[in-house]
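Trainee: Residue strings, one per chain:
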Amino acid sequence: MSKIPAELQYSKDHEWVRIDGDVLYVGITDYAQDSLGEVVYVELPPVGERFAADEEIANVESVKAASAIYNPVAGIVDTVNEELDGSPELINEDCYENHLYTLKDFDAAHVGTLLDAAGYAEFLKTLD
Amino acid sequence: MRRTALYDTHVASAGVKMVDFGGWELPLHYAGGIIAEHHAVRQRAGLFDISHMGECMVSGPGACAYLDYLVTNSVSSMEDGQLIYTLMCYPNGTVVDDLIIYRIDAEQYWVVMNAANTEKDLKWMTEENPKAHADHPPFEIVDFSDHISQLALQGPSAAAIIARLAPEAASLGFFRFLKDLTVGSVRCMVSRNGYTGEDGFELYCDNEHAKILWDALLEAGKGEGLVPCGLGSRDSLRLEAKLPLYGHEISDSITPLEANLGVFVKLDKEDFCGKEALHAQHLAGIPRSLRGFEMIDSAVPRNGYRVFLDGRDIGFVTSGTKSPTLGIFCGYALIERDSGLSFGDTISIEIHGKLKEARLVKTPFYKRTPSSKV
Numbered sequence: 001m002s003k004i005p006a007e008l009q010y011s012k013d014h015e016w017v018r019i020d021g022d023v024l025y026v027g028i029t030d031y032a033q034d035s036l037g038e039v040v041y042v043e044l045p046p047v048g049e050r051f052a053a054d055e056e057i058a059n060v061e062s063v064k065a066a067s068a069i070y071n072p073v074a075g076i077v078d079t080v081n082e083e084l085d086g087s088p089e090l091i092n093e094d095c096y097e098n099h100l101y102t103l104k105d106f107d108a109a110h111v112g113t114l115l116d117a118a119g120y121a122e123f124l125k126t127l128d
Numbered sequence: 001m002r003r004t005a006l007y008d009t010h011v012a013s014a015g016v017k018m019v020d021f022g023g024w025e026l027p028l029h030y031a032g033g034i035i036a037e038h039h040a041v042r043q044r045a046g047l048f049d050i051s052h053m054g055e056c057m058v059s060g061p062g063a064c065a066y067l068d069y070l071v072t073n074s075v076s077s078m079e080d081g082q083l084i085y086t087l088m089c090y091p092n093g094t095v096v097d098d099l100i101i102y103r104i105d106a107e108q109y110w111v112v113m114n115a116a117n118t119e120k121d122l123k124w125m126t127e128e129n130p131k132a133h134a135d136h137p138p139f140e141i142v143d144f145s146d147h148i149s150q151l152a153l154q155g156p157s158a159a160a161i162i163a164r165l166a167p168e169a170a171s172l173g174f175f176r177f178l179k180d181l182t183v184g185s186v187r188c189m190v191s192r193n194g195y196t197g198e199d200g201f202e203l204y205c206d207n208e209h210a211k212i213l214w215d216a217l218l219e220a221g222k223g224e225g226l227v228p229c230g231l232g233s234r235d236s237l238r239l240e241a242k243l244p245l246y247g248h249e250i251s252d253s254i255t256p257l258e259a260n261l262g263v264f265v266k267l268d269k270e271d272f273c274g275k276e277a278l279h280a281q282h283l284a285g286i287p288r289s290l291r292g293f294e295m296i297d298s299a300v301p302r303n304g305y306r307v308f309l310d311g312r313d314i315g316f317v318t319s320g321t322k323s324p325t326l327g328i329f330c331g332y333a334l335i336e337r338d339s340g341l342s343f344g345d346t347i348s349i350e351i352h353g354k355l356k357e358a359r360l361v362k363t364p365f366y367k368r369t370p371s372s373k374v
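Going down the list, the protein sequences come from chains R and W.
With our numbering applied, the first sequence covers 1 to 128.
With our numbering applied, the second sequence covers 1 to 374.
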């Protein structure tokens with residue numbers, strides 16, 4: 001059973017987002033990290049670059065496969081989680097504590113259109 | 001989807017992740033994960049269900065000569081109780097499959113094939129090769145794939161573990177086998193070989209005894225830290241040890257000479273399928289060469305990614321991973337041989353649309369320190 005924290009919002013591409021002041025934290029969900037398996041490398045986006053919604057922004061690589069990450073909400077990359085460079089396995093250990101990147105000047109209205117925890121849980125049921 | 005006799009055992013194992021591997025539903029890994037299983041095999045021991053592999057028996061007075069025609073290595077010089085690694089080639093020198101051949105006696109050979117190639121191989125061996133319908137001394141090819149289970153016990157502790165169940169197995173030489181051995185209570189054929197770069201054994205038994213054998217080996221290895229291992233670690237282990245994988249380092253568009261497997265191609269044999277083409281390639285110069293590389297830029301190289309030298313496309317990655325043993329991103333690439341590259345030289349690999357630098361290095365990435373007793 002996937003962990004789906006109630007306070008986050010979710011995309012159908014299995015990213016979570018959390019608004020913290022004027023930045024948006026973006027990470028991958030428990031379902032995503034479990035499907036990927038052990039993460040060995042995370043390719044993070046360039047800081048300062050603007051990405052549209054649904055644009056490919058990062059790659060999470062596990063032992064067996066590469067998985068593209070699609071930016072869930074338009075915005076400018078503010079910071080990346082550099083801890084993942086040395087310790088990509090943090091994604092497997094706790095994917096909600098270890099985000100991928102943050103966005104600034106993000107499309108706040110779009111955040112509201114993402115799934116809430118219950119909606120994402122329902123969505124996952126349609127996948128199995 | 002096809003399943004091995006151990007399917008129920010695998011899915012009952014907590015934390016197992018099953019995967020579709022060429023139409024077979026097999027464990028990718030168990031609860032510990034791929035990396036932990038990889039380390040277990042390098043440091044202690046792992047047990048793999050490789051029953052998806054195909055097996056056939058080639059027997060009769062014409063068996064040896066026929067096999068010697070079909071494969072690149074020398075079958076006629078084998079001894080009873082010996083096994084060899086070999087390629088089976090098309091007339092153009094590219095690869096139908098790589099095989100292990102066991103000589104039981106002068107008229108009986110056990111042939112092990114890749115799961116995904118089994119059907120193709122049997123067709124090739126019985127109908128499609130140029131000499132399939134020629135006049136031969138009699139021989140027979142019988143497919144046992146659906147009836148036989150195959151387990152691989154691998155790792156530095158493998159010999160100590162198998163010795164508890166069958167002491168004779170532990171004194172087998174490398175690439176030697178015993179045809180009738182009781183391991184636990186199960187009648188097996190046991191050989192000393194593997195696909196991990198470690199010491200180890202491969203065991204064949206009837207499907208109905210596979211679970212008894214699986215459980216007996218796991219029980220015997222408890223003290224040594226033996227764990228069940230899936231296909232994920234099998235791939236990363238073989239990659240570190242430079243053991244080729246069909247569809248990657250060898251295929252129907254790559255010759256064994258290009259894949260640096262010339263040692264298994266006996267060009268001095270009287271005749272074999274593909275000899276003319278391979279001999280010509282040997283004389284004219286082998287166009288491509290399989291080279292090992294280590295990433296300078298962090299990124300995971302994977303099968304099919306293009307390789308560039310000074311902006312020119314010179315080949316592609318055959319396999320790549322993050323090596324669990326060495327902690328480096330590394331792999332193999334099949335590249336133009338006349339690109340003049342030596343160890344330490346830099347190539348670029350296109351990964352997710354960006355060029356990432358790698359340097360050519362000596363391989364294998366991992367070589368075990370031989371134990372005192374082989």
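Worth flagging that the hints you see were computed from the coordinates, not collected in a lab.
Computed from a predicted structure; not experimentally measured.
It cannot be assumed that every hint is accurate.
[Stated by the list, open to error] Think about it this way: if two alpha-carbon atoms lie no more than 27 Å apart in a straight line, the pair counts; the simulated DSS-like pairs of lysine-lysine are:
| no. | chain 1 | residue 1 | chain 2 | residue 2 |
| --- | --- | --- | --- | --- |
| 1 | R | LYS125 | R | LYS12 |
| 2 | W | LYS179 | R | LYS12 |
| 3 | R | LYS64 | W | LYS362 |
[To be verified] Covered, in the sense of this in silico footprint (three residues per stretch, anywhere, with C-beta under 8 Å from a C-beta of chain R), are these stretches of chain W:
| no. | stretch |
| --- | --- |
| 4 | 17 to 29 |
| 5 | 185 to 197 |
| 6 | 207 to 216 |
Glycine included, each C-beta is placed from N, C-alpha and C at the ideal position.
Trainee: Within the assertion that chain R covers the stretch 207 to 216 of chain W, do at least three residues meet a Cβ-to-Cβ distance smaller than 8 Å?
Mentor: Per the Cβ count (0), the hint is violated.
Trainee: Given as covered by chain R, does the stretch 185 to 197 of chain W meet the bar of three residues or more with CB within less than 8 Å?
Mentor: violated (count 0)
Trainee: Is the straight-line distance between the alpha-carbon of W:LYS179 and that of R:LYS12 27 Å or less?
Mentor: Since the Cα atoms of W:LYS179 and R:LYS12 sit roughly 55 Å apart, the hinted pair is violated (cutoff 27 Å).
Trainee: Hey, R:LYS64 versus W:LYS362, does the alpha-carbon distance stay inside 27 Å?
Mentor: holds, 24 Å
Trainee: Check the hint pairing R:LYS125 with R:LYS12 against an upper bound of 27 Å on the C-alpha distance.
Mentor: holds, 12 Å
Trainee: Can you confirm whether chain R covers the stretch 17 to 29 of chain W, using C-beta to C-beta distances below 8 Å and requiring at least three such residues?
Mentor: n = 3 at 8 Å, threshold three: holds.
When held up to the earlier numbered hints, the structure conflicts with 2, 5, 6 and fits the remainder.
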